[in-house]
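A.B. asks: Now for the letters of each chain:
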Amino acid sequence: MGNVSTKVSIEHLTYKYPFAENVSLEDITLSIDAGQSIGIIGRNGAGKSTLCYVLSGLIPRFFHGKITGKVTIDGEDVPTMPIERLIRKVGLVLQNPFSQISGAKMTVYEEVAFGLENLGIEKDEMHERIDTVLRQFDLYKKKDENPFELSGGQLQRLAIASVLVLKPEILILDEPTSQLDPRGTTEVFETISQLKTLGITILIVEHKFEKLVEYVDKIALLHEGKLLGYDTAEHIFSTSEIETYGVGQPIYTALCKRMGLKKANGYYPVSFGETAALMNGLKESGMDRRTYDG
Amino acid sequence: MVDAIIKVDGLWFAYKEDEYVLQNIDIQFDDKPTAIVGQNGAGKTTFVKVLKGLLKPSKGDVWIAGTNTKETTVAQLSKTIGLVFQNPSDQMFKSKVIDEVMFGPLNIWKDKKDKNFAYEQSVKALKIVELDNRLEEHPYDLTLSERKLLCLASIIAMDPKIIILDEPTIAQDRFSTRKLAEIIKELIKDGKVVLTITHDMDFVAENFERTVIFYQGQVLDDGPTGKVLSNEENVVTAHLELPNLVKLAKALDFKTTPLTIDDFIEGFSMYKKAEG
Amino acid sequence: MRVLSLYVENDTFIHKLEPIAKLLYALISIVITFLFPSITVGAVFVAFSLLLAISAKVFKRMLLLLNVVLIVLLSMVIIQGLFYRQNVTPAFKLWGLTFYKEGLLYSLLLIVRVVNMIISFGVLILTTRPSDLVDNLVQKGLSPRFGYVLASVLQIIPQMLSTTSTITDAQRSRGLETEGNLFQRFSAFFALLGPLVLNSLVEARERAMAIEIRGFGVEGKRTFVRQILETKTDRWIKISLYVAFIVAVVWRIILWAM
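Chains as they are written, first to last, in this note's numbering: chain A, 1 to 294; chain B, 295 to 570; chain C, 571 to 828.
If you're looking for bench data, these hints aren't it; they were derived computationally from the structure. Take these hints with a grain of salt, some might be off.
[What the hints assert, rightly or not] One-sided and incomplete, this derived list gives chain B residues near chain C with beta-carbon spacing under 8 Å:
no.: 1; residue: Lys343
no.: 2; residue: Val368
no.: 3; residue: Ser372
no.: 4; residue: Leu377
no.: 5; residue: Asp384
no.: 6; residue: Gln385
no.: 7; residue: Met386
no.: 8; residue: Ser448
[As the list claims (entries may be wrong)] Think about it this way: if two alpha-carbon atoms lie no more than 20 Å apart in a straight line, the pair counts; the simulated SDA-like pairs of lysine to any residue are:
no.: 9; chain 1: B; residue 1: Lys390; chain 2: B; residue 2: Ala359
no.: 10; chain 1: B; residue 1: Lys350; chain 2: C; residue 2: Glu749
no.: 11; chain 1: B; residue 1: Lys541; chain 2: A; residue 2: His127
no.: 12; chain 1: A; residue 1: Lys143; chain 2: C; residue 2: Val795
no.: 13; chain 1: A; residue 1: Lys263; chain 2: A; residue 2: Asp231
Quantities reported herein were computed from a predicted structural model and do not represent experimental measurements. Beta carbons are placed, not taken as given, at the ideal position from N, Cα and C, and that holds for glycine.
Go ahead and model the full structure; you've got the sequences and the hints to work with.
C.D. replies: As structure tokens, this is what we get:
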């Protein structure tokens with residue numbers, strides 16, 4: 001692990017929105033290695049979106065307020081980094097696909113071009129990059145359509161494509177599937193797994209834990225602005241406190257807790273695959289029912 | 295058999311001429327809590343708008359508690375059927391929680407000029423969603439989950455027999471979803487007929503006796519939730535997903551379709567016996 | 571209709587002209603017809619604009635546009651024919667009402683001006699992608715922020731209309747009567763306007779965030795995925811238009827002076 005570089009480092013980050021009574025983030029410290037994917041979980045209002053805004057530079061550029069502590073990407077200070085540099089490092093995708101397309105472009109193709117135009121990318125490179133992302137996200141056939149004609153899943157993929165075309169090294173997704181139907185959700189998660197293979201560092205806020213755990217290396221648990229846990233999914237969800245925060249857990253973990261089924265390493269399973277394997281193993285080993293009658 | 299409170303006969307509906315978003319739907323609803331599922335664009339929201347009388351059938355008829363929706367007004371129907379819209383910001387405009395909730399009751403009981411009655415109804419409704427201690431707050435100071443509950447309360451306050459919820463679980467955390475499930479149970483206990491459009495299949499499995507799958511403007515499947523969800527073929531056709539527990543049960547070759555963790559544990563012990 | 575645009579896709583000579591050249595034609599032809607109180611000048615421009623419309627294959631659409639203002643034009647004829655201040659010479663009588671020659675001629679002048687305005691702008695709107703016109707203007711130095719506002723308004727207004735219909739449904743579901751006496755309608759107006767305004771504000775803020783992180787606020791050189799090129803033809807058209815404009819102004823000043 002020695003040669004893995006720290007991509008994002010947050011030290012004692014505290015932030016309060018202007019006019020807010022309480023801080024939204026309190027003394028957060030965590031670091032993310034390059035190429036890792038991190039899930040951010042917590043209840044509505046726990047500070048998940050606020051953390052996304054800090055990392056993408058919207059705080060303090062768009063939202064003012066009081067920020068203390070240190071946030072760096074590749075060692076560079078995020079709050080003071082010039083925006084055109086930051087944009088090339090971090091991309092952010094928001095919850096509502098409708099309100100994050102520019103609305104000024106008449107085709108999918110031009111929508112993807114929007115950010116490149118702003119950054120003054122040369123035309124040849126622009127076309128090349130757009131063609132690549134549109135193919136990557138299976139939107140090439142839609143390139144001449146009006147963005148507003150797309151389905152929710154397609155629109156969210158367009159939003160991701162429009163950000164990725166700027167080649168950020170880190171992609172932050174703030175509840176990217178919450179407005180989507182199961183098909184749209186699957187489309188977005190498939191896109192995310194594709195991004196992982198490209199080595200992009202990913203942060204994703206998500207309530208669909210059963211899906212989330214399939215894609216992330218670690219989970220950050222936020223509660224009332226504080227970071228209560230930052231560890232692998234099995235560590236985070238195996239604790240008994242997880243329920244008291246009202247965050248919830250994957251239904252598989254809840255099931256296994258009820259049945260008293262732990263993995264060999266002493267943690268509860270979190271994903272479909274782990275649970276199925278464990279239960280199948282139980283069948284084969286011919287263990288008696290005591291284990292889950294508990 | 296219980297009389298159907300909602301009766302839909304040969305319903306066709308088109309926004310534009312000859313482009314039917316709903317095609318030949320015959321369905322009845324009694325007091326069983328029912329989930330309406332289907333991918334976006336399958337016609338679910340259009341369907342509930344037709345039930346609510348906001349849209350009139352292009353062909354066919356809809357009877358709500360014996361009244362044909364063609365022969366009455368939406369305002370009249372409000373006393374029987376309430377529809378909670380997906381997005382709270384599509385309806386909120388008052389500066390206090392209590393005023394927002396009283397908007398509906400004041401509209402439908404205006405002959406009585408009984409503001410007290412509307413107030414009492416509204417407080418009662420806010421109590422059900424546990425917002426009764428926040429009457430004077432500004433609706434926009436509430437969190438999104440609370441705003442959704444506020445909108446639900448603003449329908450409950452009109453005391454309709456039927457309550458339809460459009461995507462109540464969207465953008466909700468687990469805690470809020472669970473709270474919503476409890477509220478729905480309470481409404482059912484109070485004798486309400488609850489219909490919900492949702493994409494959250496775990497939510498469907500746990501809370502609704504009956505499930506209707508919409509696909510391309512038609513009813514693809516309809517029946518007890520366990521039965522509908524055991525037919526994986528339909529679920530896949532409709533571009534939906536099985537609930538997580540059902541998926542797991544399938545992978546383990548269960549004979550049953552477990553809808554809750556209790557179901558699953560029971561099913562697992564049976565399956566163990568069968569294996570043993 | 572998802573976009574507020576009357577653009578008809580085609581591949582004619584007129585479609586391929588630089589949007590600014592077409593805009594310039596519309597503006598200058600309108601100014602000239604208003605500069606000269608002459609039916610002939612107006613008629614010449616109407617004829618020329620029509621020619622453009624026909625060669626751009628948008629004649630039928632143009633008739634539809636004109637149809638919209640038909641009633642206004644007719645009422646002009648009636649009002650001016652009957653009540654124009656300088657009416658002295660009776661032209662004809664209809665249902666006992668006397669129409670005067672001066673008024674009718676004046677209304678004719680107004681009509682050619684309005685019709686030219688509609689046709690010349692119609693040619694621009696029917697043959698130009700709205701975003702191309704905006705890109706073209708931004709490339710010529712219009713502020714990108716203002717350009718963004720122009721372009722997004724065209725798309726976002728139709729979105730707002732669909733939001734309005736959802737809001738109407740949501741409020742009707744709560745017993746709101748959108749018909750009835752004036753007081754009812756007035757209070758209904760607030761129940762609809764309130765959510766619409768709040769909704770639009772929230773959405774505008776989210777959109778502002780989203781475009782910010784796609785570099786909209788970055789100062790410096792911009793590029794354009796659709797570079798709108800100025801051909802030789804475009805340049806000559808524009809030069810001729812400027813010349814025509816200057817000649818017209820000078821001529822008009824001389825006419826005054828005499």
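A.B. asks: Give a verdict on every hint.
C.D. replies: A quick look at each hint next to the structure:
1. A least Cβ separation of about 7 Å between lysine 343(B) and chain C falls short of the 8 Å threshold, and the interface hint therefore holds.
2. Interface restraint check for valine 368(B): the shortest CB-CB distance to chain C comes to about 5 Å, inside 8 Å, so the restraint holds.
3. This hint holds: serine 372(B) has a C-beta 4 Å from the nearest C-beta of chain C, less than the 8 Å allowed.
4. With a cut of 8 Å, the hint placing leucine 377(B) at the interface with chain C holds, because the nearest CB-to-CB distance is about 5 Å.
5. Contact between aspartate 384(B) and chain C, as hinted, is supported at the beta carbon level, the nearest pair being about 5 Å apart and thus within 8 Å.
6. The beta carbon of glutamine 385(B) comes within 4 Å of a beta carbon in chain C, closer than 8 Å, and the hint placing it at the interface holds.
7. A hinted interface residue such as methionine 386(B) counts as satisfied when its beta carbon comes closer than 8 Å to some beta carbon of chain C; here the least separation is about 6 Å, so the hint holds.
8. Residue-level restraint check for serine 448(B) holds (minimum Cβ-Cβ distance to chain C is 6 Å; threshold 8 Å).
9. Of the pairs offered as hints, the one joining lysine 390(B) and alanine 359(B) is violated, with about 33 Å between alpha carbons and a cut-off of 20 Å exceeded.
10. A threshold of 20 Å between alpha carbons decides the hint, and for lysine 350(B) with glutamate 749(C) the separation of about 17 Å falls inside it, so the pair holds.
11. As the CA atoms of lysine 541(B) and histidine 127(A) are separated by approximately 43 Å, the hinted pair breaks the 20 Å bound.
12. About 13 Å separates the Cα atoms of lysine 143(A) and valine 795(C), which keeps this hinted pair within 20 Å; it holds.
13. Note on lysine 263(A) and aspartate 231(A): the hinted pairing holds, with a Cα-Cα distance of about 17 Å set against a maximum of 20 Å.
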